Every structure is written in C-alpha cells, then in structure tokens.
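Asks: Now for the letters of each chain:
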Amino acid sequence: MKKTGAQILCESLIREGVEVIFGILGGAVLPIYDTFPQYPQLRHILVRHEQGAAHAADGYARATGKAGVCIATSGPGAANLVTGIANAYMDSSPLIAITGQVARPFIGKDAFQEADITGITLPITKHNYLVTDAAELAKTVKEAFYIAQTGRPSPVLIDIPRDVQQEEAEFVYPDKVDLPGYKFISQGHPAQIRRAAKAINEASQPVIIAGRGIVISQAYDELKELVEKAQIPLVSTLLGIASFPGNHILNLGMLGMHGTAYANMAVQDADLVIAIGMRFDDRATANTKGFAPHARIIHIDIDPAEIDKNVPADIPIVGDVKTVLKALNQEIESRDHLDWLSQLEQWRYEHPLPDPELVSGERGDELLPQYVIRQIYEATQGDAIIVTGVGQNQMWAAQHFIYTKPNSFISAGGLGTMGFELPAAMGAKVGCPEEMVWCIAGDGGFQMTIQELGTIRQENTAVKIAIINNGYLGMVRQWQELFYGRRYVDTKLWNPDFVKIAEAYDIPGIRVKHREEVVPAVDKAMDYPGPFLLDFLVEPEENVFPMVPPGESLAKTLEVPKGLASLNG
Amino acid sequence: MNSNTKHTLVALVEDKPGVLNRVASLFRRRGFNIQSLAVGSSEQPGLSRMTIVVADDSTVVEQVRKQLDKLINVVKVSDITDEDTVARELALIKVKATASTRSEIIQIVDVFRANIVDVALDSLTVEVTGDEDKVESLIKLLRGFGIKEISRTGRIALTRGA
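Just so you know, the protein sequences line up as chains W and V, in that order.
If you're matching positions, the first sequence starts at 2 in my numbering and goes up one per residue.
If you're matching positions, the second sequence starts at 220 in my numbering and goes up one per residue.
These are computed hints drawn from the structure, not numbers from a lab.
Fair warning: this is a prediction, and the values are worked out from it, not measured in the lab.
Among the hints, erroneous ones may be present.
No more than 27 Å apart at the CA atoms, straight line, and that leaves these computed lysine-lysine pairs for BS3-like [said to hold, decoys possible]: (1) K235/V <-> K295/V; (2) K184/W <-> K285/V; (3) K310/W <-> K285/V; (4) K285/V <-> K315/V; (5) K327/W <-> K359/V; (6) K235/V <-> K143/W; (7) K67/W <-> K199/W; (8) K295/V <-> K140/W; (9) K285/V <-> K290/W; (10) K184/W <-> K295/V; (11) K143/W <-> K295/V; (12) K199/W <-> K225/W.
In isolation and in its complexed conformation, chain V is listed as follows (with noise of 0.2 Å):
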C-alpha cells in the first residue's frame, strides 16, 4: 500500500447521543486526520452507519480502525479500501448564470448526469452524485463560469454483493 493512499472505514454505530463527538475526539486527540465523515441510519434500528474517509499510510490507518474499534458505542469498524465497493458522494454547487451561460452550464450538466435543482435570474444549483473524481471534474467545469457556493456530503460507501 502507498504511503497516505485514501482509506474509507465504515464503522456501524450506537444511535446515542454523544457518539459522534466520540469518535471527532478520538481522531484530534490521536492526531488522525479526518477527510470527510457521513454519517446516517443504517438498515438496523438504532445504530448509525459512519463513513470516515482518512487519508495516511496503513499502519496508521490501521490504528485509527483499531482505536475507533474499542469505543464502547462502536460496534464495527471495517477498512474497505482493498474492498470491491460502491462510493458516492453528493455535491451542491450553486454557479452563476447569465441569459448567455445558461444553456452552455445546462449541457455540461447533462453530460455528467447532474440535476439542476434551482433556478434563480443570475444562478443555477447543480446536484451531482457520484465518485469523487467525477464531482471534482464537474466542479472544474463550472468554476470558469463562477461558483458562488459547494456543499458537499464526504464519501459514504458499501461494500459490493452479499
């Protein structure tokens, strides 16, 4: 494994209060990094399923899942990184748009299969699912037109079959 190749750890947790800033304290205060952290029901009745992208050399990484693995409120913490899986993450960009752009942005968002979920007279708000690489290219494409502002969700991901 590359040095600070981008892990994902998914980690099925107790839907209770507090849990999440567990596991925020735990990454500070072990000095772990956090690129991005989704978190929301899973399937089962109150537990949670967290998402947590980190990006440092395994042995690191290994420790991150090792010391998320002993929080009580913690029930499983797996590294999926070599794991044939499915990730997504959602982005709202919201782009300027004059009478002129317009249909120029409606096009590139049609080629990436984006949604455009607002209009207003000077702006469009783009939905955009799908791998990070494709929500940074469409990001790319849109900045010559001007982004007024992106929220993003961070990585949430499953593992494939089964």
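Extracted from the complex, chain W is given alone in its bound form (with noise of 0.2 Å):
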C-alpha cells in the first residue's frame, strides 16, 4: 500500500518501539507532523528550543536503554541540535535525530532554511543519511536504529528533504539490514580471556575501573561477581559511578581529576588495572604518562578503536562487557588480597572526601553545596536518578550522593555540556515516570535551557530541579582561583530570582539560604506531585577537592588544603 513519506516514517518509528519524539516544527518538517494525528501511539513533546529536544531524547535514552528521538526543522533547527548530538556521541548514548531539508530541487542553492546537516554533524554521529527517496525512507529509519543501538551505541541523524516527506511510495518495513560494512564483536577471544584471568589470578594488588560499558551493557550482576569473587577493589569513571553500589565495601569511589585521594591511590599503586567499558578519557586518567606505573593493562571495551588510543593495553578484550565478563568470571579464581585492602581501607580513612557534615560545623552557618546533594541523598535514599550538567555542581553530586541503585546517574560527561541536566532530566522523566528524577544544576548552566521549564510545565513533567546557585561559573572560578592568580575574569553571574522565574511558569520553588532549611525544602519539593524547583544559595567561593592539576598525574591529588579553606572562609 502506497503511504507518503511522512506516513512511512511514522509507520517506521511505531515499528521501532518508538512512544515518544521530543522536537520542534518548521517549514522543512511540516508534512511529517502533519501526519501525527494519524498516529497517537507517537507522543511528541513540544521543547522550546532543538537543544533541549536532543538532550531531552539523550536523556531520555540513558535513563530507558531504548534509542531517544528528536526531531527538528531545516537549517537553524538542525544546527540547533548539533550540541546535543555532539553530547549524545562522546557518553554513547543511542540518539536518532530526524531533521527536515529543503526540497530537493533546493539542495545546494543556498535556499531559505538550508544547512548541510549531514556534512555538519558527519564527525559527531556514527552515521548519517540524507534521504533523496521515499522508497529509502523505511529502510533508512531500519538501519538507523540497528546502528545507534547496536555495538557502541552513538547518535544516527536522518535528513529528509521536504518533498520526499510528501513522496508516495510502497511501505514495506524491512525485517532485517544489509550493512556489509558495519559489524561489532560481542563474544571475546576465548585466548584473551585466559589471558586475563591469568593475569587477574597472579594480580596481588588489582584494581577494577569501571566504565558506562557496565551500563549500557546492563553488566551489573556479572561485574559485582567479579569483584567479590576475587575481591578487587573498585573505582568509576564519572560515567560509570553508578554501574556498581557506592556502599559497597569495595568500592572506592571516582577516580580521575575530581576523584577520591584513595581512588587515585589505589590506581597508582595497583599492579594491575582492569578497565572495563571505559575510554581512558583524560579527566579520569590525567597525565597519562604518570598513570597507573606498575600496572599492566586489561582493557575491555566493544569498540576496538578504543583500544590503545590514549593508554596501551597489555591484554585487550574487544566484545560485549556483559558478555565477556560471563567468560570471564567462570576463570577467575577466590582470592582475599587482605593486605592490598587493608591498605587500601588504611588510605581511606587517612585521605577521605571532604565531609559535608564535618566542613560545615568548622565553619558555622554558611550552606554548603556538599551538604545540599548529601541531604538530597539522605532524603531519597539514592532511590532517584540524579541528572546533571557539568562543573562543580556535577562533581559535588558525583562524590556526595550515594548511588546505590544501577543507572541513576546521567550526566554529561563526554563533552561537558551546561545546560544539558534540565532538558535531559526531562527526557529521563519521561522515560521512567515511576522513579524520582533530581536535575542537579549551576546556577550558569540552568541559564542555558531555563527555557525548558515552559516544556515541563506544559508536560507536567515532575522534575525536582535543585539548583547549586553560587553566583559564579563556579569551576571556571575555580581554575581562577588556583591557576590564574584569583583574577575572577567574567566569571561572576548577576542571577535573577529563580524563585519567580519558576512561578512565571507555574511551577512552585523556594529558596534556600539556610543550613536547617535544607531538609524540609528537599521534603517539601519530594511530596509535590509535580515540578518543583529548589535554589540553594551556596558559599560562592566553596572549591571542588580532591583535585589533580592539570597537566599533572593521578599522584599529584591535592587534598582540601588548609590554606585555601582558610582563604575562602
């Protein structure tokens, strides 16, 4: 039967499993909503700005596992999204983006609305399509799904031309794709595996890195046996915190620029490293010339590219982490490794974090953003998927909140990206309206997509939004302060009250000024049966620690130092 090709891709998108498209219309795009109507199971979700539609879908795919949609008109709504793709490419999250073009005959004319979309995005997407038939149509959305899915997951963009939108053309969804040149390696090489159980089973001080392979592979059980079977101490990536419970006895927290003192300890110190679905990104491996020096190097990871790329492997595993894991842990043998974790528990009680509790009674009254995220953890019992940007407020809620729970951390990791944490944290209410979604913010990043609250009140998305107001962009300040001399070059923010901003849009808030107001404000914001925005104004000048210079290596972790502390307050 013949359809348009608006039809063909909503028909597609239905047969994908898709129920929700966070987008935009246009000109470019108009044919395809048009149709929607015609296909209620779709539920698109009008955002207010082709940013937040990516992140909102990115946000929205971590959360779920499934792919997340979003759909934006030609020209400026293409490049609109291009931050958001961006972001979903460098954290592997599984994004289609759909983007109208101008009519065929208009391609390469410089018409109205006109951007070359798959040139732009060609180095931020794993694969792109511009549709010139409507015949391709089905086959195109087929493929484009099996891809960002599939192996490593990473954002798929489809361009449809205008007209193709309004092409008839016979509908058959292909049951299968023919892509001679795609293919992933799920099982791994049997004699790697041996290898590295070997390895493991001679290791006297071990040490597990755990990566977003773990979650997006699902890997949990699989990585919680190895670690107690074989009793290997653990660190994360920022990105792989919540791959593994946070309370666990061996668990030793976020490694890397940000991470904990004992983390970094433990990695400098261990004679063997076994990373598993992660990347060696620099923020968590700083100086690599200086990282883990006595260690040789299990490296598991899906995509063969990674291997070698910023730090050489001495066994590497290329396959599915779940999968090889299974393998894996069938050779592995018991081991205790008693004096490995008695100095390693040695460590962690003589370099801890920095207690919230303990910094604010040294220095009275002022709130502190540690102390915030501990009481959001405290009240939520880490039964809450907590959403952020990036900066200081990304990593107070990476080493303050407790996350006990799998996947309940998103946040932009990759690439960095303010205003990623509201729109993102809407995707993954949308996607998971059972659970309890906390979208961590600066006051600087919640500036980027503020707009978003029109989409969440309009969606009734019941987001908690806490934001970490300082007043500054607080990591830039930051490296300010303790790189260039305390020049706070146009870093401090003159703020609006966030409060009445919220109420502008309907959505209630308070303000917290206060230590002893924590508590209920977080109590109150969790009984609203909707969203409800929180701004904690925080000690401006508080500092992220434990921190590695850049530049350095993991063994130049400065702890809080007394004098800086001293200087803030």
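Hey, can you piece these two chains together into the complex? The hints should help.
Replies: Below you can see the structure in the form of structure tokens.
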C-alpha cells in the first residue's frame, strides 16, 4: 500500500518501538507533523529550543536504554541540535535525530533555511543519511535504529527533504538490515579472556576501573561477581559511577581529576588495572605519562578503536562487557587480597573526601553545596535518578550522592555540556515516570536551557530541580582562583530570582539560604506531585576537592588545602 | 617498525555519495595526515577500492585503520605495508623541450620505459608508471630541462598472488 514519506517515517518509528519524540516543528518538517494526528501512539513533546530536544532524547535514551528520538526543522532547527548530538556522541548514547531538509530541487542552492546538516554532523554521528527517495525511507529508519542501538551506541541522523516527506512510495518495513560495512564483536576472544584471567589470578594489587560500558551492557551482576569473587577493589569513571553500589565496601569511588584521593592512590599503586567499558578519558587518567605506572592493563571494550587509543593495553579484549565478564568470571579464582585491601582501607581513613557535615560544623552556618547534595541523598536514600550538566555541581553530585541503584546517574560527561541537565532530566522522567528524577544544576548551566521550564510545565513532568547557586561560573572561577592568580575575569553572574522565574512558569519553588532549611525544602519538593524548583544559595567560593591539577598525573592529587580553605572561609 | 614509515592502507568502500568526504573528514578531525589517496571502481559492483598512504608510526596508523573500519560505508580496510604487494602510481610530466634537448629527453624517457603522450613545439608530456622511486627519479632527471607541470595519481596497490 502506498504511503507518503511522512507516513512511512511514522509507521517505521512505531515499528521500532518509539513512544516519545522530542522536537519543534518548522517549514521543512510540516508534512511530518501533519501526519502525527494519524498516529496517536507517538507522543510528541514540544520543546522550547532544539538543543533541549536533543538533550531530552539523550536523557530518555540513557534512562531507558532505548533509542531517544528528536526532530527539528531544516537549517537553524537542525543546527540547534548539534550540541545535543555531540554530547550524546561523546557519551555513547543512542540518539535518533530526524531533521527536515529543503526540497530536493533546492538542495545546494542556499535556499531559505538550508544547512548541510549531514556534512555538519559527520564527525559527531556514528552514521547519517540524506534520504533522497521516499522508497528508501523505511530501510533507512531500520538501519538507523540498528546502528544507533547496537555495538557501541551512538547518535544517527536522518535528514529528510520536505518533498520526500510528501512523495508516495510503497511501504514495506524490512525484517533485517544489510550493512556489509557494519560489524561489532560481542564475544571476547577466548585466548585473551584466558590471558586476562591468568593475570587477575596472579595479581596481588588489582583494581577495576568501571566505566559506562557496564551500564550500557547492563553487566551489573557480572561486575559484582567479579569484584566479590576475587575481592578486587573498584574505582569508577564519572559515567561509570552508577555501575556498582556506592556503599559497597570494595567501591573506592570515582577516580580522576576530582576523584577520591584513595581511588587515585589505588590506581597509582596497582599492579593490575582491569578497565571495563571505559575509554581512558583524560579527566579520568590525568596525565597518561604517569598513569598507573606499576600496572599491567587489561582493557575490555566493545569498540576496537578504543584499544591503545589513549593508554596502551597489555591484554585487550574486544567485546560486549556483559558477555566478556560472564566468560571471564568462570576462569577467575577466589582471592582475598587482604594486604592490599587493608592498605586501601588505611588510605580511605587517612585521606577521606571532605565530609559535608564536618565542613559545615567547622565553618558555622554557611550553606555548603556538598551538604545540599548529601541531604538529597538522605531524603531519597539513593532511590532517584540524578541528572547533572557540567562543572562544580556535577562533581559534588558525583562525590557526595551515594549511587546504590544501577544507572541512577546521568551526566554530560565527555562533552561537558552546560545546559544538559534540565532537558535531560525531563527526558529521563518522561522515560521513567515512576522514578524520582532530580536535576542538579549550576546557576550558569541552568540558564543555558532555562526555557525548558515551559516544556516541563506544559507536560507536567515532575522533575525536581536543585540549583546549586553560587553566583559564579563556578568551576571556571575555581580554575581562575587556583591557576590564574585569583583573577575572576567574567565568571561572576548577575542572576534573576529563580523562584520567581519558576513561578512565572507556574512551577512552585523555594529559595534556600540556610543549612537548617535544606531538609524541609527537599522534603517539600519530593512530596509535591509535579515539578518543583529549589534554589540553594550556597557558599560562593567553595571549591571542588580533591583535585589533580591540569597536566599532572594522578599521583599529584591535591586534597583540601588548609590554606585555601581559610582563604575561602 | 620504524616510526613514520609510509603505510599503505587499502579500503573497500561502498560507492555512495559522500563516502570520500567521510574518509577525508575522519583524517582531518583526528589529525591524521594523508600523503596520497587514490580511489576508483573495484572488481565488485557497488564497491570502490581506496588506496591511502599515511606516514606515521605504527600505533597511529593502526588507530587510523580502526577508525576507518568504524565507518559504516567502509566494508573492509587493511594495512598491507608488510605484505607482498604490487604498488604503482602514474604521473604526467610536462617538460620544456627545444629542438636541441628533445632527443635527449626522449632517450631518458626510453630508459625509464615511459611514454611521450603529447608533443608540442616547446614541450613534451611524459607518462610514467611505476613505484614512487621510479617516478621521483624520472622527475629529478627531467627537472634540468625545466618542468612546466606535474600531475600524479598517488599510489594504488594490491597484494600479490592468491
């Protein structure tokens, strides 16, 4: 039966199990939007800016594990998706971006609202398509979802000229894809797995670095089995933080630039690093020259191009993390590593994270951001999805919330995108309506996508928003303080009253200035049935510690410097 | 492997619009330097064969190969540097020629088993095929007569036998 390109697109999306689409319409996607009423099972959420659509679809994808779909018109609409696509690309999130394009006869003529979006997104998509024939559309959608969701997940963009949306073609949805140039390896090579098992069984000071690959592959149980059977301590990357219970005795927390001192010490002293589903990002490794100097490295990842890219691996295993760990666990012997673990416990005791309670006590009544995060943890008991953008707020959320639930942390990791938090939290809540979703925002990042409050209100998406408001672009200010002679050039922000802004959007909010107001405010936000905003006016010059100064190795982890603390206090 | 050896990568790619751009864009974005790139139809319909020469150390070239392999339109890619291969390039060289130098040029061209493909009053155009050393040597010898233009294809290569 013949259908229009727009109908073929909708039918194909439904066959891929799509329930929600985030987007904004415009001239070049009008035929698609015009068919939406024929497909009520596709819920369209009208965002306020296309960047919000991409982040929301990304947040949805990360929370549900299914591809998130966003749609935008040609030219500016498509270009506005770019940051969101790049963000999803860096964090291996399966995003399907659909863009309208000017009609075929106008392509290449610099027509109104024309942009070469397939050219623009070439380096930030796993693949992209310009569909020039309605008869190709169903096959293209099938391929796009397959590519986006298999192997290492990533964004795929489909650009559809307006006249292709209107053109009629026979609709047949293909059963399978034919992609001779696309392959991924799930099973790890048995010989490599045997080598890895031998190295693990022989190691006396092993450490696991857990990355987002564990979350993507849902290898939580397999990871736990490995950790417990061989008594191997674990550190995680930022995006691997919710791959293993934060309250487990063998979890040393996050490594890297703002990792715990004892996690970094464990890596630096290890004789074997087992890197699982991670890519040795520079924020995790610090200077690779001094990284884990005594360790052999086992690197497990589904993307062969990650092997030896940043840190050379002694024993690489290419494959799906869950499948590889299952096989690996069968060859692992029980160990206790008593000496190593007691050494680590001693370091944990001697070099703790700054304690939010203790720090507050020392400094009197100041409202400290770490304390706010910890109270959100206490109130939720970890039963929440935490969504952050980038910066100090992100690091405090990583350090002081205890992630006991798998996949409970969603953050703009690789690209470090301010403004990700609000739309991504919205997307996560739409995908997981039963979950409590907290958006942890800085006052700077919040204002980059603040308009999505309109979408949140329109859809009544019950996101709880905590603004860690220090009146600065805080992480940049911290760098200016530490590395640019405390010259605060253009980091101070004049901010509006965020509670009044929320009220203007008909979203209730509370401004919190004092420590004792935190708990009641968090409780109130959680009890409220809809979206709620909390504006925490925190100590303006609080810094994130520990910190590895840029260019240094993990061995140079600075803990809270006493001098700096007094400087700030 | 010495660092910065010339590596020859051969890629079988889908013959679709934009594929060359995808490959070139990858090199640019990852900071890999292409020395030459030649592309044309292969023996299989719908597939082209690309020969890419990269001068870098083996680790970098292996990263190039793996990144190329990730492109959906790249069906297969191999580094054939250490394999037994036949590699050739073709060059067209337009060299100044006068009545007094013409015969000397023709002699040189004969020694190289190259061909004269165009004769004009004041120039000769020479076509030479061979490995890069041969092409370079001929260019070096002709330089003395005054070279007006050179156009080279870059290396194309196949593994021997099988």
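Asks: State for each hint whether it applies.
Replies: Consistency of the hints with the structure:
| no. | hint | result |
| --- | --- | --- |
| 1 | K235/V <-> K295/V | holds, 15 Å |
| 2 | K184/W <-> K285/V | holds, 12 Å |
| 3 | K310/W <-> K285/V | holds, 10 Å |
| 4 | K285/V <-> K315/V | violated, 45 Å |
| 5 | K327/W <-> K359/V | violated, 62 Å |
| 6 | K235/V <-> K143/W | holds, 18 Å |
| 7 | K67/W <-> K199/W | violated, 36 Å |
| 8 | K295/V <-> K140/W | holds, 22 Å |
| 9 | K285/V <-> K290/W | holds, 23 Å |
| 10 | K184/W <-> K295/V | holds, 10 Å |
| 11 | K143/W <-> K295/V | holds, 22 Å |
| 12 | K199/W <-> K225/W | holds, 19 Å |
Hint violations for this structure: numbers 4, 5 and 7, all remaining hints satisfied.
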